[in-house]
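What follows is the residue order along each chain.
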Amino acid sequence: MNREILERPFASDQIKQRHGMNGDVLDYIEGCAVIQRLNECFDAEWIFEIQEHHVYDDEVVVLGKLTAQGVAKSQFGKSRITRGKKDNAIISLGDDLKAAATDCLKKCATLFGVGLHLYFDAPQIGASLNGHTNGNGNSPAAHGHADAKGPEVNGLPAGRLTAKQLSAIFALAKVRGWSNKQVRDFSQEMFAKLPDFLNKKEASAVIQHLQGGHDA
Amino acid sequence: MLDAETSTRSWASMLRISKSQIQTYLICPRKFWFQYFPVTGATPEFTPASLPFGAALHAAIATFYRSVKETGAKPGLASVTHEFEVEWEKEVSGRRVSFQGNTSIDSHLVLGRALLQKFYEEVHPRNVEGVEYPFAVTLPNPNTGDPLDVSLVGVIDLIESDDEGNLIIAELKTSSKRYAESQGENQLDGMIYVYAKDQLGFRTTSAETLIRYDVLVKTKSPAFQQIYFNKTPQDFGRLARWIQEVLQAIERESFFPNFGWTCHNCQFRSRCWSM
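Top line first, the protein sequences correspond to chains A and B. Numbering-wise, the first sequence is residues 0 to 215 according to numbering that gives the first Met the number 0. Numbering-wise, the second sequence is residues 0 to 274 according to numbering that gives the first Met the number 0.
The hints are simulated quantities; they were obtained by calculation from the structure and are not laboratory data. The C-beta atom is built at its ideal place from N, Cα and C for all residues, glycine as well. A hint or two may mislead.
[To be verified] Restricting the straight-line Cα-Cα distance to at most 25 Å, the calculated cross-link-like pairs of lysine-lysine (BS3-like) are:
(1) B:219 / A:72
(2) B:219 / A:180
(3) A:173 / B:176
(4) A:192 / B:89
(5) B:176 / A:180
[Claimed, not checked] Label pairs and their calculated CB-CB ranges:
(6) A:39 / B:70: 39 to 45 Å
(7) B:182 / A:75: 39 to 45 Å
(8) A:91 / B:182: 44 to 50 Å
(9) B:179 / A:210: 49 to 55 Å
(10) B:233 / A:51: 29 to 35 Å
(11) A:50 / B:72: 57 to 63 Å
(12) A:181 / B:22: 24 to 30 Å
(13) B:179 / A:39: 44 to 50 Å
(14) B:25 / A:56: 31 to 37 Å
(15) A:89 / B:237: 25 to 31 Å
(16) A:49 / B:149: 39 to 45 Å
(17) B:35 / A:75: 53 to 59 Å
(18) B:248 / A:50: 56 to 62 Å
(19) A:75 / B:206: 42 to 48 Å
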């Protein structure tokens, strides 16, 4: 298996960005770029199968398997169900399942090493958060766009975390049973700042840590 | 971003209940009766110092945020402190103010200055969208979802936004001790403000709305505390039922006394205890 081709970083124009549900800025690769990479590496001799799919209230989830050169990797993919703004009716479950299948293919391909560099390029919280590595393989890499050397706004560097990130931090903390004080202490310990004064990158790292299920 | 949806003047024409009225009822229904029913003929016997003190601090901090809104930068601490001193003098003059223990007009001046300094050092505002923002929103019947006849009115201390335009509500509190976690979680005013914000069409995320309490802690060594809570639409259902039950109790004229620790500082204590 040619790992060099599989793990070769994507060009910057192939790396897209979107806002995550928690206010993070997420890097991602489009499905077509992943297919192109698989074709290049395996000369189009690869198989992707959906083994299970489930439709829940708000999202569809698929379990898929990617096989190439006798090696198989399985992962889940998901997509939120798209609903009409006016009547909240489902627009097309088929399209939602297709989106989940693409997500699943990308996740399986990641297990072969495709797009892996995005995770390593993400904030290296593993170095500071009790030895845990960054990313859990299930989500795109998160990048802050903060420039700590940028201009100051009311005594703080520009690039301060967003309200959505702050909300996500306290929502995730609550799920884990953390108090405000525990969140403050954690933020202080990691970045020597209170949560509201983190930059976007630092906030992404805190969110990832809280999502990862590690104890404070 | 925020247009004034209402003004306190326009409240006069509505059947309404305010956050303060609900809070007063929850503290003591009889106090609510004395305070809001002129027919009782009750007049406050005194003014607890905490009320004008809180009002003066609120005024100074509102001035601070208005200045940030206008100029984009913090004003000088001296101007904020000066605002407090002027307001404090106005608030206490001609009133029978009750001071606890060894406290006095002057000791409150010292405390106020120290609290403002702490606030000034620790606060780093985002984009200020609204300061003392009045709102009037409908309340749903928790059983049917239909709007009740009574509007919910109040004033949100501060609305900030991040660089993406998402709003954060902040509520200023003065407290004799640090806020406990459960205190912030179940604060009526926080729930009301978040509900009002939701009704005005703003949420922090698709599912949750963040509120921040800025607490000026009046301890010997003054402190400033910021705590955060998210509220969800489930909280709004709880809030609607809570308020509806208060409204029903008021309609039934259920004005029983709640004898307890709040009596000590109650402006209607003598009248109440002699009944």
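Hint by hint, here is what the structure shows:
1. For a cut-off of 25 Å, the pair hint linking residue 219 of chain B to residue 72 of chain A is broken: about 62 Å separates their Cα positions.
2. The suggested pairing of residue 219 of chain B with residue 180 of chain A holds, with an alpha-carbon distance near 21 Å, which does not exceed 25 Å.
3. Taking the CA atoms of residue 173 of chain A and residue 176 of chain B, the gap is near 23 Å; set against the 25 Å cutoff, the hint holds.
4. As the CA atoms of residue 192 of chain A and residue 89 of chain B are separated by approximately 38 Å, the hinted pair breaks the 25 Å bound.
5. A threshold of 25 Å between alpha carbons decides the hint, and for residue 176 of chain B with residue 180 of chain A the separation of about 15 Å falls inside it, so the pair holds.
6. The hinted window of 39 to 45 Å between residue 39 of chain A and residue 70 of chain B is violated, with their beta carbons roughly 57 Å apart.
7. The hinted window of 39 to 45 Å between residue 182 of chain B and residue 75 of chain A holds, with their beta carbons roughly 41 Å apart.
8. For the pair residue 91 of chain A and residue 182 of chain B, the beta carbons lie near 47 Å from each other, so the given range of 44 to 50 Å is met.
9. The hint said 49 to 55 Å for the Cβ distance between residue 179 of chain B and residue 210 of chain A, and at roughly 27 Å that hint is violated.
10. For the pair residue 233 of chain B and residue 51 of chain A, the beta carbons lie near 31 Å from each other, so the given range of 29 to 35 Å is met.
11. At about 59 Å, the beta-carbon gap between residue 50 of chain A and residue 72 of chain B stays in the expected band of 57 to 63 Å.
12. Range check, residue 181 of chain A to residue 22 of chain B: Cβ separation about 29 Å, and the 24 to 30 Å hint holds.
13. Against the hinted window of 44 to 50 Å, the Cβ-Cβ separation of residue 179 of chain B and residue 39 of chain A comes to about 59 Å, which falls outside the hint.
14. In this structure the supplied range 31 to 37 Å holds for residue 25 of chain B paired with residue 56 of chain A, their Cβ-Cβ distance being about 36 Å.
15. The hint said 25 to 31 Å for the Cβ distance between residue 89 of chain A and residue 237 of chain B, and at roughly 29 Å that hint holds.
16. Restraint check, residue 49 of chain A to residue 149 of chain B: a C-beta distance of roughly 54 Å breaks the suggested window 39 to 45 Å.
17. About 58 Å separates the C-beta atoms of residue 35 of chain B and residue 75 of chain A, a value consistent with the hinted range of 53 to 59 Å.
18. For residue 248 of chain B and residue 50 of chain A, the Cβ-Cβ distance of about 58 Å falls inside the hinted range of 56 to 62 Å, so the restraint holds.
19. Restraint check, residue 75 of chain A to residue 206 of chain B: a C-beta distance of roughly 22 Å breaks the suggested window 42 to 48 Å.
Comparing the model with each earlier hint shows violations of hints 1, 4, 6, 9, 13, 16 and 19; every other hint is respected.
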